[in-house]
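Engineer: Quick note, the sequences are listed as chains P and F, same order.
So the mapping is simple: my numbering equals the position in the first sequence, first residue as 1, plus 1029.
So the mapping is simple: my numbering equals the position in the second sequence, first residue as 1, plus 1029.
The reader is advised that the hints may include incorrect statements.
Identical chains share a label here; the pair holds if one copy fits it or two copies do between them.
[Stated by the list, open to error] Cut-off 30 Å, straight-line C-alpha distance, at most; resulting in silico cross-link-like pairs (DSBU-like, lysine-lysine): (1) K1461 - K1114; (2) K1547 - K1307; (3) K1193 - K1307; (4) K1101 - K1307; (5) K1319 - K1472; (6) K1394 - K1193.
If you're looking for bench data, these hints aren't it; they were derived computationally from the structure.
So you can see what is in the structure, the chains are spelled out below.
2 protein chains.
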Amino acid sequence: MTKRVTRRELLTMLAATGTSATVLNASAALGMIPDTRLGIPEIPRADPINRPSIVILGAGISGLTAAYELDKAGYDCVVLEAAPKAGGRCLTVRHGDLIDEVGNPQICDFDDEPHMYFNAGPARIPSSHRNLMHYCKALGVELEIFINENKECYYQDDAMFKGKPIKNRVFTTNARGFMAEIMAKNFNNDELERPFDRYEAEALISAMRAFGDLDADELYKGSFRAGYAKGGFIDHGEQTEVVALHELLKSRFMNSALTANEGETGPVLFQPVGGMDKIVQGFARELRNKIYYDVVVTSVQLQDNGVAIEYQHNGIKYLVEADYCFNCIPTHLMTGIDNNFPADYQEAMHHVRRGEAYKSAFQTKTRFWEKDDIYGGITWTNQPIRQIWYPPHGLFKEKGVILAAYDFGGGMHFTRLSQEERLETAIRQGEKVHSDYRQQVEKGITIAWHRMNHMLGCAARWSSSFGGMSAREERLYHTLQAPAGGRHYTIGDQVSLHTAWQESAILSAHWAIGDMVKRMGGTSSMPGRRV
Amino acid sequence: MTKRVTRRELLTMLAATGTSATVLNASAALGMIPDTRLGIPEIPRADPINRPSIVILGAGISGLTAAYELDKAGYDCVVLEAAPKAGGRCLTVRHGDLIDEVGNPQICDFDDEPHMYFNAGPARIPSSHRNLMHYCKALGVELEIFINENKECYYQDDAMFKGKPIKNRVFTTNARGFMAEIMAKNFNNDELERPFDRYEAEALISAMRAFGDLDADELYKGSFRAGYAKGGFIDHGEQTEVVALHELLKSRFMNSALTANEGETGPVLFQPVGGMDKIVQGFARELRNKIYYDVVVTSVQLQDNGVAIEYQHNGIKYLVEADYCFNCIPTHLMTGIDNNFPADYQEAMHHVRRGEAYKSAFQTKTRFWEKDDIYGGITWTNQPIRQIWYPPHGLFKEKGVILAAYDFGGGMHFTRLSQEERLETAIRQGEKVHSDYRQQVEKGITIAWHRMNHMLGCAARWSSSFGGMSAREERLYHTLQAPAGGRHYTIGDQVSLHTAWQESAILSAHWAIGDMVKRMGGTSSMPGRRV
């Protein structure tokens, strides 16, 4: 039997919810996100015998994007990269690869197999990131689905159940059940007047019931959504036991259990088959001989009609002059390179802070998680490792590579430790989730992004990600975005309001190209010049 | 600022939620679903010169499972199949395939490409279905991830927004926001006493806020979870407009928006690369020459120590006698075949009702959904087509095959129509979601499972799926499960409490084999017999 709500309750409720913000009504367009996000600028054809020249500093995703688009439009492009390989933070680690952490260099010793890799930087492509999706298609990068949330993974919190891990489905089902019970009880607790708009009230109650799998009395008494304790196919199923709300509340994972698959991990996610750097390899393939590696930039000087860059390679100094410079060197490193940028531009570069982030990974002797019904996804723990990621690929193969720690909110806990201590800590913490973890893992690697050579920091941190920018920061952001001297563009996700995503790096390159094209007049020029 | 709850409120709440069922406390084991679900029975080695003989009727998933396991253990097996191919309802339709619907036969005209197929029966493998996963691995069936829920897909309801489709993320975000607002408001509306157990109260409020993305005043004012109206990367993002709760309540999709990824679609889902019938092909490969097609069974007679089966093939009658019979012919067809089963067994066979289910599919000229950020997943509509499924595979290819209707709750709306009307109706209804649908789709096929030859029904329907079985139905279920005359086993998902899943078909075969082994004494016999 459906309980009733009164006119007063419902009016109050609808009024309140209806006026808490401008609302969209039946007549308005909706859900139609403007198709503006595929932002590749139209670049007018360059004069083939008088090509504009572009020096691109850094072969990160934004530098590669700029080079790829400008090269395609007939510009003379060169990419100068400090490291011996392209990609920047888009780094995939495989057998034999060097992890160039300052003071802690490592050579990866994973088995030499296509599925045995570790995406040390970005690892997920939200399908709504249209520009990145576009380049994957254009560059022939094969994609496969990535699993982020998996109800078969665990929540482990030392404060809850004496530290025992609990399956996500058990945690989530019980959290939802009790939340819905509280919601439904309160919704019905004041029957003052005769019922009103029965349809709407019933729809609400029905939604609460559905959300929590409540019984007809709006009580949560457990749910098969948490899994069968036993049976369910040939015999009648038995429910898993109900978990006490006060136990769940000991953990801070209530929030994540109720917000899985929101935000950037809401859309379908992809990963390139074989590793995220397949994107880098795709760009590099197209750019053929235009990327120069092991280049140390020593000076960037704005000139009247261009930019002059000094660099060293194998101990020899070079000078290259170009019409424009696109620069994705992290600003906190760029400030240490000789330059003649205006004071406000330098102020902006100095302002940008960098995040710390730490990841580590193990090769595993077996795919032990699959015996526990886990195929991809993330286990959450309140320990410093924070997460364990299981690979969504390599199903039915013998081994795999798991992410064994991902500290994205500081990363300093592990950074202080020796390599040996880092790995031992990851093992000890992993054992709280998987009792045979120590026997299963081997050949660990670790990466502290804030100590990686040529990088010394993870994503830039604008306050946009933390609740709004001050007027000063707004000014600095736009100063850094605009070209210094009309000729030097700082690019990369560091010049975006949504840092740490490859899409942002790409869009910053698109923005800079679009701005440059506008400044150049925006139309294709005929060969030669007007006389 | 966090609002406060009172001691009274919290105690009431915790007591209520704590006592609504037996709850699991910190000391109890949890989340550890017993590892009993991988149910392959141990089959003692058969005497190689005096092999038990088994006739298996029907090459559906349960029949194939039984044949595979018994053949492997050294039994003499033969599978008699009425259709010209194996699989039963595990049917994948490709270029040139016959859809053998009585009165409406069709030949599929899709392009002849590996990714252009339609799983007309089962299409999803929950990763928690351990036995099916086991056979995929054992049979070398390559799996890829299937996408069920996708926030980029649509809800379309004629009652809501004048029938305009709305993106799942917009619907869901607003539904959650308002639900959380109602929840949080009611939770806080009665501050009588001094605050108590601040930590728990704050955790609850925090969870409500997280669930709905409420602001600090516990109001829902829209959320970026619904997507950006514009910007968000290089410029500050603008929120999509808030949708009025009373508009959402016009639709019955509130419930599905709040319960996505629950139940059987909660775990990670897989599909075989190239079509679900790769599983069937895997079994058939292992069984080599033991499956006979186009066989019409005309009589099944229990004998003192076995079963005698009469059948016809190419107009010629045959008789085969075996020690045991495993029979996955749908019971409602089996009752029409001459037999000498006991009365209670016949009563049980007569009792089982069959569902109706209707599906249809189109080849598409382009992958138009991908331009709309949709990669896999389901669009829901209140029209008779109910669902549109977009393929999770074939990314970046030119065309695809979409499911254009899935009426699993009756299927009679379309069944009545001519083939031409069925397809025209699907197009007209699809146009409400995708305005260029008519231009995009071609070469439609339709399947009414309750009219398919050799089948004439979809999954069996025990009341277990609809809120419990009566004592009589329990008796009938166990009668049908037990072997008639100790020698004839009815198998298939039809003898399970969770019909319509391949896992159930497999488990029913395992159960029957296990029972037979027990009856045979359960130990390996030496060659010959004791003298």
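Engineer: Give me the numbers of the hints this structure contradicts, sorted from smallest to largest.
Structural biologist: Hints 1, 2, 3 and 5 are the ones this structure does not satisfy, whereas the remaining hints hold.
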